[in-house]
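Undergrad: Letter by letter, the chains look like this.
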Amino acid sequence: MRDQLREYIKAHMIKDTSYPLKDDEPLITGGLVDSFSLVELAIFIEDTFGVHFDDPELTAANMNTVNQILSNIEAKQ
Amino acid sequence: MSDLPITPDRRPATLLEQARWLARERPDETAVLLIEHEGERRLTTHDFFTGAARFAGALEACGVKPGDLVVLVLQHGEAVLNGFWGALLLGAIPSIFPFLSDKLDRERYFDSVRQLVDHSGVRVVIASPELHVPLQERLAGIPSLAAVLNVDEVVGARHAVPLQEYLHRNPAQPDDTAFLQHSSGSTGLQKGVMLSHRAVLNQIAAYSAAVNLSPDDVVVSWLPLYHDMGLIAGFIMPVLQGIPLVLMSPFHWVRDPKILLWAIHHHRGTLCWLPNFAYNFLATRIRPAAITGLDLSSLRAVINCSEPVYAESHRVFLEQYAYYGLRESALATCYAMAENTFAVTQSALGAPPKLDVVDRRALMEDRQAVPVGTRYIVSLQTTTLVSCGVPIPNCDIKIVDEQRQPLPERRVGEIALRSDSMLTGYYQRPDASAEVMADGWYFTGDMGYLADGELYITGRKKDLIIVGGKNVYPQDIENLLNDIPGLHPGRAVAFGVFNEQLGTEDVAIVAEADTDDLDARADIMREVRARVAQSTDVMARYVHLVDAKWLIKTSSGKIARRANREKFINEVLNKVPEQR
Chain A
1 MRDQLREYIK
11 AHMIKDTSYP
21 LKDDEPLITG
31 GLVDSFSLVE
41 LAIFIEDTFG
51 VHFDDPELTA
61 ANMNTVNQIL
71 SNIEAKQ
Chain B
1 MSDLPITPDR
11 RPATLLEQAR
21 WLARERPDET
31 AVLLIEHEGE
41 RRLTTHDFFT
51 GAARFAGALE
61 ACGVKPGDLV
71 VLVLQHGEAV
81 LNGFWGALLL
91 GAIPSIFPFL
101 SDKLDRERYF
111 DSVRQLVDHS
121 GVRVVIASPE
131 LHVPLQERLA
141 GIPSLAAVLN
151 VDEVVGARHA
161 VPLQEYLHRN
171 PAQPDDTAFL
181 QHSSGSTGLQ
191 KGVMLSHRAV
201 LNQIAAYSAA
211 VNLSPDDVVV
221 SWLPLYHDMG
231 LIAGFIMPVL
241 QGIPLVLMSP
251 FHWVRDPKIL
261 LWAIHHHRGT
271 LCWLPNFAYN
281 FLATRIRPAA
291 ITGLDLSSLR
301 AVINCSEPVY
311 AESHRVFLEQ
321 YAYYGLRESA
331 LATCYAMAEN
341 TFAVTQSALG
351 APPKLDVVDR
361 RALMEDRQAV
371 PVGTRYIVSL
381 QTTTLVSCGV
391 PIPNCDIKIV
401 DEQRQPLPER
411 RVGEIALRSD
421 SMLTGYYQRP
431 DASAEVMADG
441 WYFTGDMGYL
451 ADGELYITGR
461 KKDLIIVGGK
471 NVYPQDIENL
481 LNDIPGLHPG
491 RAVAFGVFNE
501 QLGTEDVAIV
511 AEADTDDLDA
521 RADIMREVRA
531 RVAQSTDVMA
541 RYVHLVDAKW
551 LIKTSSGKIA
561 RRANREKFIN
571 EVLNKVPEQR
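Chains as they are written, first to last, in our numbering: chain A, 1 to 77; chain B, 1 to 580.
These aren't lab readings, by the way, just hints derived from the structure by calculation.
Glycine included, C-beta positions come from ideal geometry on N, C-alpha and C.
Calculated cross-link-like contacts (lysine to any residue; reagent style SDA-like; alpha-carbon spacing at most 20 angstroms): (1) B:258 / B:286; (2) B:258 / A:55; (3) B:461 / B:436; (4) A:15 / B:497; (5) B:258 / A:37; (6) A:22 / B:520; (7) B:258 / A:51; (8) B:461 / B:434; (9) B:575 / A:19; (10) A:22 / B:523; (11) A:15 / B:518; (12) A:10 / B:575; (13) B:258 / A:46; (14) A:15 / B:499; (15) A:22 / B:517; (16) A:22 / B:531; (17) B:575 / A:16; (18) A:10 / B:506; (19) B:461 / B:365; (20) A:15 / B:574; (21) B:398 / B:460; (22) B:258 / A:43; (23) B:470 / B:75; (24) A:10 / B:518; (25) B:470 / A:37; (26) B:258 / A:52; (27) A:15 / B:565.
Anything over 12 angstroms on all C-beta distances counts as not near chain B; from chain A, calculated: (28) 3; (29) 48; (30) 51.
Looking at chain B on its own, in the form it has when it is part of the complex:
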């Protein structure tokens, strides 16, 4: 622990100061090991920052100055890592945009990039070669935008790179914004979470202590970098702490999940962060023949984060991989959000997270977590929650009621947090910042309770649906369906239903149709599914058409999302399981 460069007692003033130290003290050590289709590629600290300086040069040639926004629309790989740090070297503010997937509609995707660039006053976009020309066309005329750069031209430029000059410029102060993380908002327009150099370094110091990070660790990650878990745990923290990062693309991993396990095996990976669904995915989608001889005994923690954690997902994962050396004590959990840079709580490493078996009715109706002891573990009357651990050293949490007054232990309420790694605010959205920040506290919108100081999450406000680690707001889905011919406008509801086999939620949509014709109904279902996939990049697993007046409304005439979810589960899902 004492050998880490960043600790609670000793931390640099800015990310750039740390980059300078790394380039000077550790030039030849492994910064990143990229797992690519063609094989592996090792980048030393020197290679890494030289690559970043190349991007800094290209950005500076476009007139990028400290404080300017730079958006990266790139596939996962060396360029996105270098581009991110290239902007940082100039004191500019980088942000990584999710890459265009097979499902997304290209035009809608370009629209969302345009919205971001226009509303946030982005200075430069760095795009992958295949998106460079279309983005240049779509973004033309935006006053703030100086250029859309083709990443291949930046990487291919053969001019000298003045790395030392960039490293000694000091363009940023500790309270300047280091980068933006984009969190999806229920209004469609993304909110940019502003994080200062000071906040990021405080998070790295506190979270490194919470996971007992040591110079012997090796982090292995397939996580997307536009999300806080991938960006911080799977990129910024290991790079700043000088710990080797073994990195693969999420697109590559999802098609061939065993590459993560073999990367852990070959590089003696010790730490891996995963969203809950990945435990099920890895437990069920890999053939034994593909992992003969696999050894996972190097793992000291597999940390479940960013989706609701299910004990059953841990169980199937352990059952599958204990044979390959995975220890039960390596199972761990974390509660995190971009607004706190990343982690808020972490379970103690070296032992599996605590389980809390509580009375289901009291939890749902009285919002009270009443422990029932372990005698009734397998019972319809109980529910088992997995602890997300205790607050990391720089963080306080409290549970509050609707008036934001503190609640006692075991009472369910909104989770509020206070730390020195919180967001400065949402970029150019003081209205959105004021809504959730007051008296030094950030109100998360998530629901949970504390028991013996440990945090248990029970739900998300605003009915957020989390599908495979991706956040989707039901309002956004419902808004897509308003003008589909054959559906009653405003008479569609979207919600999440837990899929035990996958360990994540499925999106379900119930909509009132004004036709009984089977072909017409099939066409409506096709249109619903296509729109949802092309706009949100998640799949609507259930599309259930009903007759008029099926949906339950509130007294004020609005569609009651939760009541309709219960009705759907009782009348459709649970009624005729063989029909599904």
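Excised from the complex, chain A in its bound form:
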């Protein structure tokens, strides 16, 4: 799951598959993902892992790192 998420972010958001994305790297405040992409990411997560995020959950406080997103997904599974 971690790899799938990481690869998706690299391929679709950063557009650079060789980018050494760290699991604790800030995605939103780090300028890698913006609010439009966050909606796209939520759709990917729902399609791939079957976990739905409500729109108030899609914030920098909640979704800023790969680790954070993963723990949010796991908490919902």
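Given chain A's structure and the hints, the job is docking chain B onto it.
TA: Same frame as chain A, now just chain B:
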């Protein structure tokens, strides 16, 4: 049409005269319907102006007088609408500042508020509760500033509101400045566009005619109010014309885009203004399950404005929503800018905008729009432009060369305009005003051509990048990168590349690095992306590090932005698409 209060033949002298008329004649009609997380809230005209008067009282208690500047640093919601009109009731000049987002760096954001307040001599700032204390600290000591008000204290005050007294004061004359719209400047410091009551009302009269506005219309908007499209089309025009406005916050919409569609459905929305990217966003980011039973047939126009318009974006939007009742004839376009209050041109309503298929090479190299007919529509040698329509009734446009001499039809040049809804000037910036205004004309800096009287936009001067409706100047981005360790100072270039999937531009940065170490390069990329996001609120999609001497320079030693953009597209984007 004849039932609208403001028409080309009949218009009030000031916004306040119109407020007085609305409060007297239409007190119980819906002014604004707010779509909030908690549900919907209806404000009648009476509620709306009573709320505004509450703000007028709080501002007056701080000593605000006619002509004073009032800046609103507020989330989208009832308070920002009321605060704006509260300042107007006093004859003071309101201006809405973009709200702090998740991405922006707080300190840089506070700096930009401080700069504005200090340079423009702002009298009062009305702040959201969470920003009130930090702003009070950051703005301390600015001589013009009387107070930073906490919006909750203004709204919560329970004293009587003398609405009638405020409505009958007449503190403003037609040529006084009604409000400021801030347009981003390439030097970092924002320019305040001064608009008089007369200019605003002329725009409302002319633009209402251009879109055949009628008392049966319902405007639905998620647009930010610090931008001309949201402020005029999505707030001032419907309120002044007594037409219901269904309004939601851009922060709410971007996380849950279907709320716009359901608002149109439930309130039988007829008019909606959107920047180009929103067509793609709405077409691709909403699941069919979330819009079962949706009916968009009430829409008579969806108007594409404020970003370059792409035929493909219209196509994907129509393809997705025709099933839900969206008519092709509802597609429309508009060219607008804060300096003309809002609209300059508008496509004819009731038919989709015209397309012009022209020879790509002639357009790029000879700056000539040579039509090739429809036989070659799908071809690398052609490019398809979408018309932005004809000038609205109060507006003339001409295309000029670099000496500001008129060019014939189908020749690409700078767009100049003349109207009775133009800016008075930039606030306290006569130098900036003189640069762009001459002999009654405003020189827009945008490039385009006229064909059969219709305007086609081909580009922006100063290499402006428009990302999701937000303007960003490449110079501002490049200036942020000068002191990043590992980058050669002054050897970075920023530009926009069109993202077809998103229907808007991505920011790309190419910079010369002095290290081959992969970890060091990754750290540089991190720093570049973080700085851009935290300072400009847009994301740098591509950060491409190259070795020394990669960037093309002009003969005078400056970085050639366009040439490097071409090089990046050819060598990086188009070369190995599977690597991206």
